[in-house]
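Trainee: What follows is each chain in one-letter form.
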Amino acid sequence: MSIDTGRFVRSNRTEAATAKKPSRVGGVAIWADERLGLGTAMKKNLRKVFPDHWSFMLGEIALWSFVVLLLTGIFLSLWFQPSMAEVTYEGSYDPLRGIQMSQAYASTLHISFEIRGGLLMRQMHHWSAMLFIAAMFVHLMRVFLTGAFRKPRELNWVIGGVLLLLGILEGFAGYSLPDDLLSGTGLRIADGIVKATPVLGSYMSFFMFGGEFPGEVIIPRLYIAHVLLIPGLILALITAHMLLLVYHKHTQWPGPGRTEKNVVGFPMLPVYMAKAGGFFFMVFGITALMGGLLAINPVWKYGPYDPSKVTAGSQPDWYMGIAEGLMRITPGWETHIFGTTWSWNVMIPAQILPMVLLMVVLSWPFIEQWVTGDKREHHLLQRPRNAPTRTAFLAAMITAYGLLWAAGGNDIIAVMFDLNLNYITYFMRVAIFVIPTIAFFVARKWCISLQRSDQE
Amino acid sequence: MNTNLPAERSREVEADPIANPGLPAHTWRPTDVDPHAERRAERQVALLFGLSAICTLGFLVSYFALSIGEGGDTFLNLGASTVALGLFMSGAFLFMGIGIIQWARKLMSDQEITEERHGAASPQEDRDATLEALSAGLEESGIGRRRLVRNSLLGAVALIALPPIVLLRDLGPLPGDALTRTIWTRGMRIARDVLGTPIRPSDMEIGDLINAEPEAIFEVDDNGEHVIEGAELQIAKSKSAVVVVRMEPDEIIPGPGRENWSVSGIVAYSKICTHVGCPISLYERTTHHLLCPCHQSTFDLADAGKVIFGPAARPLPQLPITVDDEGYLVARSDFTEPVGPSFWERDSE
Amino acid sequence: MVLLLLGLVISGTLYSLLSPAQAQEQQSDEQLVAEGRELFLVGCAFCHGQNGEGVVTEDGESQLGPPLVGVGAAAVDFQVGTGRMPLTQPGAQAQRKTPLYTEEETAALAAYVASLGPGPSIPDASDYSTEGMSDEEREAAIVRGGQIFLTNCTACHNFAGQGGAMPQGGYAPKIRGVEPHYVYEAMLTGPQNMPVFSNGNLNPEAKRDVIAYLESLDETPEYGGFGMGGLGPVSEGMFAWVLGIGSCVGAAIWIAAHTTRSKKDKVEA
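If you read the sequences in order, they're chains A, B and C. So the first sequence is residues 177 to 632, counted in our numbering. So the second sequence is residues 12 to 360, counted in our numbering. So the third sequence is residues 71 to 339, counted in our numbering.
Treat the hints with care, as some may be off.
The list that follows gives simulated cross-link-like pairs (lysine to aspartate or glutamate, DMTMM-like), each with its CA atoms no further than 20 angstroms apart [what the hints assert, rightly or not]: (1) A:LYS220 / B:GLU270; (2) C:LYS334 / B:GLU81; (3) C:LYS336 / B:GLU127; (4) A:LYS327 / A:GLU210; (5) A:LYS219 / B:GLU126; (6) A:LYS425 / B:GLU49; (7) C:LYS336 / B:GLU126; (8) A:LYS224 / B:GLU126; (9) C:LYS334 / B:GLU127; (10) A:LYS425 / B:ASP45; (11) C:LYS333 / B:GLU49; (12) A:LYS219 / B:GLU49; (13) A:LYS219 / A:ASP209; (14) C:LYS334 / B:GLU123; (15) A:LYS219 / B:ASP45; (16) C:LYS336 / B:ASP45; (17) A:LYS437 / B:GLU123; (18) A:LYS425 / B:GLU123; (19) B:LYS317 / B:GLU240; (20) C:LYS244 / A:GLU436; (21) C:LYS167 / C:GLU249; (22) C:LYS336 / B:GLU53.
Calculated directly from the structure, the hints in this document are not laboratory data.
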């Protein structure tokens, strides 16, 4: 079937939607409208205009990854048993037969080895979780660099920031569930971080774990947070995020015919819907490809969690990388006073700095507004070079992030590149202050010279 | 200098006197003007959907044809079922997605359309009406005037936040002194982890490392059931695991008051890192350094467990040991300080 | 010092002389020791001393080569057989490389060093082989070996035996695909900085079980797909960014890219 493009161009007004003799689809629409009264809302939105640019689709990667997460997660929940009750493994994976383990770990093995497609779904779930958070980061950077967070979109920026935080928490809760050696080690570190809290630390730890670490309640508790509480919040916030997107209309790049007063692009129906829908299938396909070919989190090799065991290369998932890096490079500072212990070596990297970072991210639009005094609405995007200070700030942040990520994997780097582990840490302790500063000035200078060459 | 700030810059742009030239003229695609190209594109899209369907069939076939798990089918030494299901599912979705997008790119209209934009704020009259309604409502409620009502309400609301917090009290017991003790007691034997066998000093050569636990971990009752099991076992292990190493006795620099805590060059230290609690057993035989794989804190076991590198702040607690009547290594007592990560009320002075 | 060493050498020789062995074997043993001594003086004595007493560096702080009295034949077989010794440069951690000595020469060196003082001898295949075990026994050995491995080995050598970093530039090498008898010798002798797992520490059966587990790791298929180096979450994160985000962004660029344009104008129907 071919589509007469000319007709679409002519029918770009709303009257055309109410044809005299409704088609079959139209009939359904009328049936629905008589009951739901959607006509008024749909009148504008069916042909709502979305500007077309690849960088506007980064948030979509996160959205579709979240859909993949929901679908695969529902599958996994059919067999996963969030219980720390001890069982003797009698499943089909020989090297662990007869070993005592938690039901959570045993059921993870069951999904991996006895449910057809179960391992694929587990791996897709894990890969899409990594993609979900990575895509949120990329999307956040795009919005930041182009100034798309400026008025009137500050609240949507805040929602996005909270979504990122929730995504990370959701990911942490998720990879703690299988109760394997690595996830247990992660929980143990989390316990150590909680215990470092002044005054309340040990109480918080005991309340979290229902007594002493590791106890027998943490996995059921994390499970309900992982499958209900946090995804519920994420879903609600995504809805708000999208509603605000529709209300504000998408930002666009400046160009001929594009102004602060209009939005130029393709209509939601059919082009954008096809492109977005097609993109969902592609994201799903890419995740399936990774899930089928690349082994992620092979829990059967780690073995069940045992508080006295550990493996070289104990790392969290990548999005915890900066906290991990900070914890590795912070020197062993501790204050002992009046019979109390203040663990700066834990509080600074794992409690204070992540909090500060989150606050800076969430309040950035307001800080920038306050500094520049710019209180007008903006719908045209800025090229990153035209906001040199902001771009340079992000360059510094990305550099710091990369350095900390590397610091969090310093043992792997030491082995891969034949370097001295200790020197990497010494280097990072200095580099984390020096290199982002250099990156800031270099990026700023570069932006300004790009501006100059634009003007010529 | 200031002109580079974002706001300055955008003002500059707006002051630009060049008028917006409007949208450029639309140009057509081959598929718009050439019926052959159009039909070719149609066939291409249909082919992609066909490929997707084939992949779906492939998925179904491999679901039933390939066995999984231990002894299941393999392909290039990979689990054949997972690989096949993944590849076919990926194909089914990718071809579908590419087909739909190709349809949109080649066959759906690519004429850009324009929509007007309005400020985010509501029209002034709506806003005025809302503000009026708001103040009328507030006025009628009298919340501004009736201070007594308002303040007593605020007080009650603040108080009603307490029950939900109090209800969480039973999330767990209070710490008490649980963090300060382990299951080690005077005379408890040190046993090899996993194997559960006790250790004689003569079993160990210089340079030997034994990952060990208190013998109570492996204790069984008359019916062969473990005495400590489940959560209790995990908790016990998470605090009482030790590393036992043997070095030349003259290499040991005992801490003050710890002169008799070793047995002919054999020392035992807590395996739980004092940073955030990872178990440590990356031991270097010649330097006597013990490295934590989580954050690389390094401890010197020849020198009272002193921290020599990394984020840990306190030495590893040492377990005082001796030998019992039968010549096996035993603890002289529990650890003399809390093991594992710091907590606020820990007296570390 | 020299006296002491001499004494050790003599007692070592006496020990090897007095150890119960067949006359003929003894004969060839002596020959082997003599051959080994020749090789030792040429290739090893510079660092380890004329009589394997070790050589201290000029500042007296560290050792150019450690004493070899009492390290046993197993240590020599491991170090020389895997090419770790002789070192290409002093100071750095010995790496596995193509051995410099033939098997016979290695055996001779081992015999000579063993003659210096009693130490662990080269293990026999029967010490670590799981052949002759029933399937159930073998399976039980693998399960036990896995637990021992996770307790004693993974901390340095990683859960998949891929190795890991140690302080000050040291590293625990990859132990996958290493010949069983070298794995056994490594546990027995604690090469370089590795702690010793002597027979009093981990008995021979426990060592055999660990080897059985390592072999089973090689035999088991990669159920989930390619392992990306077996390095855990770091490599997973790299793949998520490069491959995952890379291809998703690539797809987005393709989706938003403009298609080719025609110069022709549309003929309105």
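Trainee: For each hint, tell me whether it holds in the structure or not.
Mentor: Okay, the hints, checked on the actual structure:
1. A:LYS220 / B:GLU270: Roughly 84 angstroms between the alpha carbons, so the hint for LYS220 of chain A and GLU270 of chain B is violated.
2. C:LYS334 / B:GLU81: violated, 63 angstroms
3. C:LYS336 / B:GLU127: violated, 28 angstroms
4. A:LYS327 / A:GLU210: Distance ~38 angstroms between LYS327 of chain A and GLU210 of chain A Cα, so the pair is violated.
5. A:LYS219 / B:GLU126: Roughly 13 angstroms separates the two Cα atoms, so the pair holds.
6. A:LYS425 / B:GLU49: Roughly 33 angstroms separates the two Cα atoms, so the pair is violated.
7. C:LYS336 / B:GLU126: The given pair, whose Cα atoms are some 25 angstroms apart, is violated under the 20 angstroms limit.
8. A:LYS224 / B:GLU126: Holds - the C-alpha atoms of GLU126 of chain B and LYS224 of chain A are around 8 angstroms apart, at most 20 angstroms.
9. C:LYS334 / B:GLU127: Roughly 31 angstroms between the alpha carbons, so the hint for LYS334 of chain C and GLU127 of chain B is violated.
10. A:LYS425 / B:ASP45: violated, 35 angstroms
11. C:LYS333 / B:GLU49: Holds, at about 15 angstroms.
12. A:LYS219 / B:GLU49: Violated: LYS219 of chain A and GLU49 of chain B sit about 31 angstroms apart, past 20 angstroms.
13. A:LYS219 / A:ASP209: holds, 11 angstroms
14. C:LYS334 / B:GLU123: It holds: about 19 angstroms lies between the C-alpha atoms, which stays within 20 angstroms.
15. A:LYS219 / B:ASP45: violated, 33 angstroms
16. C:LYS336 / B:ASP45: Holds: LYS336 of chain C and ASP45 of chain B sit about 9 angstroms apart, inside 20 angstroms.
17. A:LYS437 / B:GLU123: holds, 16 angstroms
18. A:LYS425 / B:GLU123: holds, 15 angstroms
19. B:LYS317 / B:GLU240: Violated: LYS317 of chain B and GLU240 of chain B sit about 33 angstroms apart, past 20 angstroms.
20. C:LYS244 / A:GLU436: Violated, at about 60 angstroms.
21. C:LYS167 / C:GLU249: The hint holds at about 14 angstroms.
22. C:LYS336 / B:GLU53: holds, 18 angstroms
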